[in-house]
Amino acid sequence: MCISCFRGLGLAALLALRLPTPAAAQGLGNPLRQVLRRDTAGLARVLARADFYHLQILYTRIRRDAAGRPHFRSYGYRLRPREYFYPASTVKLAGTALALQRLRDLAATHPGLTPEATMLTDSAFVGQTRVRRDSSSATGRPSLGHYVRKALLVSDNDAYNRCYEFVGPEELNRELGRLGLRHARLQHRLQVGDKEPGSRHTNPLRFFADTAATQLLYQQPAATFAGPWPQLGLRGERLGQAYIDGNQRIDQPFDFSQRNAFALPDLQRMLRLVLFPETFPAAQRLRLAPDDYARLREALSQLPRQSPSPRYDPAHFPDTYVKYLLGGGGLAPLPPGVRVFNKIGEAYGFLLDNAYVQDEAHGVEFLLSAVIYVNADAVFNDDKYEYDTIGYPFLRDLGRRVYEAELRRKAGAGK
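Residue numbers 1 to 415, in the numbering used here, belong to the letters of the sequence shown in order.
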């Protein structure tokens, strides 16, 4: 059954669908551990040194009742919500979803303001950049809807940055808290060296009803976030033995305390908020319309070659380009009939995938989120990470082993 095939839930059902605590999820009878023990070859090298690889895995089984309503039960492996890892591009799901929410809120008082409206970004602080054109768009103009697609389809960094600038760090972090994401913070743009004080300053921007940019719908001035960043009480925010700064090697740990953070259970909760909103209390849901959810789900699951706009060359963007679990980031095709709704991350030696896997023909659906750290020399910014030799193969094999276990479970249930 598809993810949208369930009806509204009452309070009792909503309470029954909450995620179990990590302690309960890691207890006896953990099927995730059974899956990992079953694979004595492909996964063994990493599992034997799970602490060294900072490995964390969260696997959530989904059972639907007679009315088609989903029920969740989660299982963890080395799940440590307070242990820091750099979430990289996985934060783009939260950023894009909250950008659509802000636009939806503004549209209540600014008629005509839609994700397709022309969005022009200006600059007002050191390091900020302007955007007036977008050659990847069918109209040649940027729009929030187009940024959302690019950020999720191929993990475009600039597209995420425009969402960060539109919502602003104050609202982003306030909303993360409202959504129940207690170990998460969004503190900077991506890939542009954004840090204090620039990360506190957001660009002025305007939305227009037409591509000629003559019919102004909404104007947002430059803004500065003056308040404190969220204090999450995370452990291990100083990592490694050295890092490269320009042409200089600094022989001390790299400080991530001013970087984005997003615990693995929070990443999976964010995905559930987009895919299964009705399973959360109304006060903890995104304020989105059905069209907004559909936009996010399409971008999370669509293969690059299936996108009419932007268009992506399959030679450079294979089907599993941003499908690490099961696909290995282009190492292998997805199993026939499998659809993956996901957001990956890759930076500083951290490799992540946060996914909902669906095989409708076999009645299989589950959530799987994982992070692995592959930086053997413990030096950051030297571009010597073991993504290809350890990271991608591990995530591919992990996804396939869990998927195969789900197939066996469904087959056994049908006997």
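These are computed hints drawn from the structure, not numbers from a lab.
It is possible that part of the hints are untrue.
[Stated by the list, open to error] 25 Å max Cα-Cα, derived SDA-like pairs, lysine to any residue:
1. LYS384 - ASP245
2. LYS195 - GLY227
3. LYS195 - ASP382
4. LYS195 - ILE250
5. LYS410 - ARG102
6. LYS410 - GLY193
7. LYS410 - ARG400
8. LYS195 - ARG249
9. LYS384 - ARG339
10. LYS410 - ASP359
11. LYS410 - ALA378
12. LYS384 - ARG249
13. LYS195 - ARG82
14. LYS384 - LEU47
15. LYS195 - ARG102
16. LYS384 - ASP255
17. LYS384 - PHE366
18. LYS195 - SER137
19. LYS384 - ARG73
20. LYS384 - ASP65
21. LYS195 - TRP229
22. LYS410 - ARG82
23. LYS195 - SER135
24. LYS384 - ASP251
25. LYS410 - ARG339
26. LYS410 - LYS195
27. LYS195 - GLN231
28. LYS384 - SER257
29. LYS410 - PRO318
30. LYS195 - GLN248
31. LYS410 - GLY363
32. LYS410 - ALA50
33. LYS195 - ARG400
34. LYS384 - GLY193
35. LYS384 - ARG64
36. LYS195 - LEU232
[To be verified] Label pairs and their calculated CB-CB ranges:
37. ASN247 - PRO197: 32 to 38 Å
38. ALA283 - ASN247: 47 to 53 Å
39. ASP388 - GLY227: 37 to 43 Å
40. GLN302 - ARG132: 26 to 32 Å
Note that CB positions come from ideal geometry on N, CA and C, so glycine has one too.
So, going through the hints one by one against the coordinates:
1. Taking the CA atoms of LYS384 and ASP245, the gap is near 15 Å; set against the 25 Å cutoff, the hint holds.
2. With a C-alpha separation of about 15 Å, the suggested pair LYS195 and GLY227 falls inside the 25 Å cut-off, and the hint holds.
3. Distance check on the hinted pair: LYS195 and ASP382 sit about 20 Å apart at the alpha-carbon level, within 25 Å; holds.
4. A distance of roughly 18 Å separates the Cα atoms of LYS195 and ILE250; the hinted pair therefore holds under the 25 Å criterion.
5. In summary, the hint linking LYS410 to ARG102 is not supported, as the alpha carbons are separated by about 41 Å, beyond the 25 Å threshold.
6. Distance hint between LYS410 and GLY193 is unfulfilled; the C-alpha atoms sit about 47 Å from each other, more than 25 Å.
7. Between LYS410 and ARG400, the direct Cα distance comes to roughly 15 Å. Compliance with the 25 Å bound is thereby established for this hinted pair.
8. Note on LYS195 and ARG249: the hinted pairing holds, with a Cα-Cα distance of about 20 Å set against a maximum of 25 Å.
9. Note on LYS384 and ARG339: the hinted pairing is violated, with a Cα-Cα distance of about 32 Å set against a maximum of 25 Å.
10. Distance check on the hinted pair: LYS410 and ASP359 sit about 11 Å apart at the alpha-carbon level, within 25 Å; holds.
11. Distance check on the hinted pair: LYS410 and ALA378 sit about 42 Å apart at the alpha-carbon level, beyond 25 Å; violated.
12. At roughly 14 Å between alpha-carbon atoms, LYS384 and ARG249 fall within 25 Å of each other, so this suggested pair holds.
13. Taken as a hint, the LYS195 and ARG82 pair is honoured in the structure, with Cα atoms around 23 Å apart against an allowance of 25 Å.
14. Restraint check for LYS384 and LEU47: satisfied, since their Cα atoms lie roughly 22 Å apart, inside the 25 Å limit.
15. Restraint check for LYS195 and ARG102: satisfied, since their Cα atoms lie roughly 24 Å apart, inside the 25 Å limit.
16. A C-alpha spacing of about 19 Å is found between LYS384 and ASP255, which places the hinted pair at or below 25 Å, so the restraint holds.
17. The straight-line distance between the Cα atoms of LYS384 and PHE366 is roughly 33 Å, outside the 25 Å bound, and the hint therefore fails.
18. Note on LYS195 and SER137: the hinted pairing is violated, with a Cα-Cα distance of about 29 Å set against a maximum of 25 Å.
19. At most 25 Å may separate the alpha-carbon atoms for a hinted pair to count; LYS384 and ARG73 exceed this at roughly 38 Å.
20. Our distance criterion of 25 Å between C-alpha atoms is broken by LYS384 and ASP65, whose separation comes to about 48 Å.
21. Restraint check for LYS195 and TRP229: the C-alpha separation of about 12 Å stays at or below 25 Å, so the hint holds.
22. Proximity of LYS410 to ARG82 is assessed by CA-CA distance (about 34 Å); at most 25 Å being required, the pair is judged violated.
23. Note on LYS195 and SER135: the hinted pairing is violated, with a Cα-Cα distance of about 28 Å set against a maximum of 25 Å.
24. Of the pairs offered as hints, the one joining LYS384 and ASP251 holds, with about 16 Å between alpha carbons and a cut-off of 25 Å not exceeded.
25. Note on LYS410 and ARG339: the hinted pairing holds, with a Cα-Cα distance of about 17 Å set against a maximum of 25 Å.
26. A hinted pair counts as satisfied when its Cα atoms are at most 25 Å apart, and LYS410 with LYS195 does not qualify at roughly 48 Å.
27. Note on LYS195 and GLN231: the hinted pairing holds, with a Cα-Cα distance of about 17 Å set against a maximum of 25 Å.
28. Restraint check for LYS384 and SER257: the C-alpha separation of about 22 Å stays at or below 25 Å, so the hint holds.
29. Distance hint between LYS410 and PRO318 is unfulfilled; the C-alpha atoms sit about 30 Å from each other, more than 25 Å.
30. Between LYS195 and GLN248 the CA atoms are separated by roughly 19 Å; this keeps the pair inside 25 Å, and the hint holds.
31. Taking the CA atoms of LYS410 and GLY363, the gap is near 7 Å; set against the 25 Å cutoff, the hint holds.
32. Distance restraint check for LYS410 and ALA50: the Cα-Cα separation of roughly 29 Å exceeds the 25 Å cut-off, and the hinted pair is therefore not satisfied.
33. Restraint check: the Cα-Cα separation between LYS195 and ARG400 comes to about 38 Å, which exceeds 25 Å; the hinted pair is violated.
34. For the given pair, LYS384 sits about 19 Å from GLY193 by alpha-carbon distance, which is consistent with the 25 Å threshold.
35. Between LYS384 and ARG64, the direct Cα distance comes to roughly 44 Å. Violation of the 25 Å bound is thereby established for this hinted pair.
36. Distance hint between LYS195 and LEU232 is fulfilled; the C-alpha atoms sit about 18 Å from each other, no more than 25 Å.
37. Range check, ASN247 to PRO197: Cβ separation about 25 Å, and the 32 to 38 Å hint is violated.
38. About 51 Å separates the C-beta atoms of ALA283 and ASN247, a value consistent with the hinted range of 47 to 53 Å.
39. For ASP388 paired with GLY227, a C-beta distance near 41 Å keeps the hint of 37 to 43 Å intact.
40. A hinted range of 26 to 32 Å holds for the C-beta pair GLN302 and ARG132, which are about 27 Å apart.
The structure does not agree with the numbered hints 5, 6, 9, 11, 17, 18, 19, 20, 22, 23, 26, 29, 32, 33, 35, 37 stated previously, though it agrees with the rest.
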